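Number of protein chains: 2
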Amino acid sequence: MRILFKDANILNVKDGTLSLGNVITCGNTIEYVGTSSFGEFDEVIDCNKNIVMPGFVDAHCHSPMSILRGTGDDTALDEWLYNYMIPLENKLTPDDIYWGEKLAVLEYLASGITTVEECYFENEKILQALSQSGLRARVGFGPSTRKVSGDLQTYLKTQLSLFEKYDSSLLKPCVYIHAIYSTTQEDIEKSVDFSAKHNLPMSIHLSETLDEVGNCTVQNGGLTPPQYLESLGFFDRQTLCYHCVHMDKDDLQILSDYDASICTCPSSNVKLASGIAPVYAMQNKGINIAIGTDGPASNNSLDMFKEMFLVATLSKVAISDASVVKASEVLKMATLNGAKALGFDSGEIAKGKKADIIVVDIHNPHMHPHDNLVSNLVYSAKSSDVKLTMVDGKILYRDGKYTNEDVEQIYKKVDEIKKRLKNEH
Amino acid sequence: MRILFKDANILNVKDGTLSLGNVITCGNTIEYVGTSSFGEFDEVIDCNKNIVMPGFVDAHCHSPMSILRGTGDDTALDEWLYNYMIPLENKLTPDDIYWGEKLAVLEYLASGITTVEECYFENEKILQALSQSGLRARVGFGPSTRKVSGDLQTYLKTQLSLFEKYDSSLLKPCVYIHAIYSTTQEDIEKSVDFSAKHNLPMSIHLSETLDEVGNCTVQNGGLTPPQYLESLGFFDRQTLCYHCVHMDKDDLQILSDYDASICTCPSSNVKLASGIAPVYAMQNKGINIAIGTDGPASNNSLDMFKEMFLVATLSKVAISDASVVKASEVLKMATLNGAKALGFDSGEIAKGKKADIIVVDIHNPHMHPHDNLVSNLVYSAKSSDVKLTMVDGKILYRDGKYTNEDVEQIYKKVDEIKKRLKNEH
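The listed protein sequences correspond, in order, to chains A and B.
Mapped onto the numbering used here, the consecutive letters of the first sequence carry residue numbers 1 to 425.
Mapped onto the numbering used here, the consecutive letters of the second sequence carry residue numbers 1 to 425.
Treat the hints as calculated values from the structure; they're not laboratory data.
Please note that a few of the clues may not be correct.
The list treats identical chains as interchangeable, and a pair is accepted whether it falls inside one copy or across any two copies.
[Stated by the list, open to error] Cross-link-like lysine-lysine pairs, in silico, DSS-like; alpha carbons within 30 Å at most: (1) K412 - K394; (2) K157 - K351; (3) K419 - K14; (4) K387 - K91; (5) K401 - K6; (6) K401 - K351; (7) K387 - K49.
Just so we're clear, the structure is a prediction, and the values are computed from it rather than from any experiment.
Model the full assembly from the supplied sequences, consistent with the hints where possible.
Given below as structure tokens:
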């Protein structure tokens with residue numbers, strides 16, 4: 001398949017500029033970006049000066065929690081987690097998780113998210129749903145809030161073997177430790193060993209709340225969460241740390257020294273009252289910052305436009321300076337930095353990159369006038385402006401329609417699951 | 001015209017509940033809310049269980065700044081204001097302002113905003129555009145950043161007389177003082193006198209930034225902005241104060257004692273790094289809190305869904321408590337409280353109220369599951385979910401189409417204006 005995106009405002013996320021031109025994809029790759037066009041095309045998409053940009057990389061999500069959207073909202077964090085989330089999650093069957101993942105997929109594609117980092121349970125079902133979807137994803141497994149049955153080592157091996165039947169350019173594994181507070185030191189060490197042995201990257205929730213930081217320092221001889229993880233060799237691996245809300249400059253220096261990536265999740269952090277992440281300080285340490293939605297039960301949507309607005313504006317208000325964390329920087333975080341954090345060769349509209357592309361409509365009232373479209377993308381655009389979502393050269397969503405998904409069936413299944421959970425609760 | 005909204009999830013903003021039923025409008029009024037239907041209808045709108053709720057009241061905006069959307073973004077507040085906004089605003093002709101207002105109207109209607117409080121210059125043009133639009137609005141005039149030519153008293157009289165040719169149930173006047181720092185004490189006093197003489201409500205930007213508070217106390221013998229205004233008799237009038245970001249409990253007590261309303265504008269406050277308003281403290285003082293978008297150049301969109309999300313979540317993170325400022329409370333702020341602040345008999349779906357109604361689609365991935373739709377409205381819904389906007393019994397927007405507005409002409413005019421401004425700048 002050779003496809004021409006014609007007459008587009010092409011976003012270069014590396015320098016935050018737009019230029020009018022054409023993009024050609026061939027198979028799963030971007031073949032050409034420029035003002036010409038050549039050869040035969042299977043399809044010509046007239047972009048009508050709409051923005052063509054890389055799809056968003058949602059670098060942290062627990063997608064099947066879409067099933068729990070709106071549950072326990074407006075309660076304190078502990079109540080939300082221990083009275084709502086964990087009891088309900090314990091009732092979720094593998095099939096529930098499959099349908100929850102599929103509901104999330106609908107939202108991902110409609111809002112221009114082409115790649116996700118997925119951390120949940122029942123990865124067999126998650127991989128199945130993701131594989132059907134055509135999304136690009138990194139899927140984590142490891143010690144989490146749901147107790148591993150049997151020996152951790154065996155569990156990790158079994159989990160890794162699940163990936164064998166899927167296209168490794170689209171679905172990749174990583175070793176995911178839920179958090180310091182939910183995992184023993186022994187299990188962290190075993191996970192790091194496993195990651196080293198199989199050359200796998202690692203992810204973890206880190207310094208998300210003040211409680212986490214306080215408890216860690218008390219329980220580990222004054223070590224902050226990054227210091228504690230450093231002492232266990234965690235950062236010797238290629239790592240992605242979610243949240244990082246409560247980190248001082250010494251903590252950030254550790255992450256910087258080891259080339260760790262951070263995924264900031266502003267919606268979740270403000271909705272659960274965790275805090276505002278020090279994104280400007282992270283930038284100043286040269287850390288690769290990606291953006292994530294976190295789960296749909298703590299957000300409550302999978303919308304990278306909302307996250308971009310929040311990253312830019314919360315960073316400004318946190319240090320009383322409206323000039324920091326600029327729109328162009330945030331666009332790079334939401335795309336290229338995310339791809340880098342997850343180890344995918346995508347995240348920009350450039351020759352040779354994987355064809356993960358979205359078309360964003362600019363012919364809407366809130367996108368006018370058009371003289372600063374980079375700014376409009378971060379401060380004015382809505383996820384409903386996404387007209388088309390392509391992953392790996394395949395168009396998966398266009399003008400409200402999905403290529404691979406049966407929307408009504410998914411809604412029906414989710415309704416049935418919710419009805420059953422309500423009766424059980 | 002008698003219209004039936006059939007089979008709807010009807011939102012009661014007073015108690016934050018939804019109930020399945022029908023809404024009947026007759027002329028510009030809500031005639032019936034309940035499970036029956038009776039009589040003849042000019043139109044039956046099958047709501048298909050979508051949410052029927054009052055339209056949003058955007059209680060603070062400078063709409064024609066839509067022309068300046070994306071201008072001076074990511075610069076410090078002073079630079080934004082003095083190097084970008086004010087020089088450009090000085091170049092805006094009355095016609096530019098007319099087209100800016102019309103661009104904003106498109107966004108209002110598409111995102112379910114049925115009522116606005118408008119504060120800008122060239123009210124003749126603004127009233128003309130608003131009158132054509134069919135929106136409900138309160139329009140302010142008084143001493144502002146653009147110098148009044150001639151005597152203030154005469155200016156105020158002339159401004160008030162502009163309203164004579166418009167339907168006073170839709171377009172109402174108020175005396176608007178831009179801010180303490182941009183107005184002399186004499187002009188504040190003259191404005192208060194005029195307001196008292198003509199029985200008009202008053203509005204002002206108040207305690208928006210720390211600079212404003214600091215300068216006011218230095219220049220006025222230690223008086224904070226609310227204390228200073230109290231000393232000038234401002235609060236003896238019916239008042240609406242925008243922003244109120246930097247107020248301690250004594251300041252809030254003054255507003256509470258005088259039954260002043262507050263309009264909080266969270267997007268603008270975080271984007272311009274002004275701060276996070278103490279909304280929970282305002283609630284505890286029993287103050288009527290409305291929500292506003294502020295101008296499209298400091299936001300950068302007119303989207304009350306975004307503002308609702310921010311009011312709820314910023315209030316939580318500001319005091320580290322995820323249980324405060326609940327979704328149901330925020331929905332009331334965005335509708336009924338706004339109508340109360342502006343003095344309109346609208347803002348709820350109840351018999352006898354003005355028929356300002358919107359239909360919000362729930363058949364979207366991000367609105368599933370449906371078991372907590374009140375929460376979904378605040379934390380998950382997008383302005384693109386608005387399918388229909390009715391003001392004063394008239395359908396002004398439905399499924400992407402406007403009844404009164406020529407979208408392409410507005411875009412064309414805005415493009416021309418921007419081109420001219422660019423050449424002049």
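Comparing the hints with the structure gives:
1. K412 - K394: Classified as within: same-chain Cα gap 27 Å, cross-chain 35 Å, threshold 30 Å.
2. K157 - K351: Neither, since 37 Å and 64 Å both go past 30 Å.
3. K419 - K14: This pair counts as between: shortest inter-copy Cα distance 28 Å, intra-copy 47 Å.
4. K387 - K91: neither (37 Å within a copy, 36 Å between copies)
5. K401 - K6: both (21 Å within a copy, 27 Å between copies)
6. K401 - K351: Only inside one copy: K401 and K351 sit 28 Å apart there, 39 Å across copies, limit 30 Å.
7. K387 - K49: both (13 Å within a copy, 26 Å between copies)
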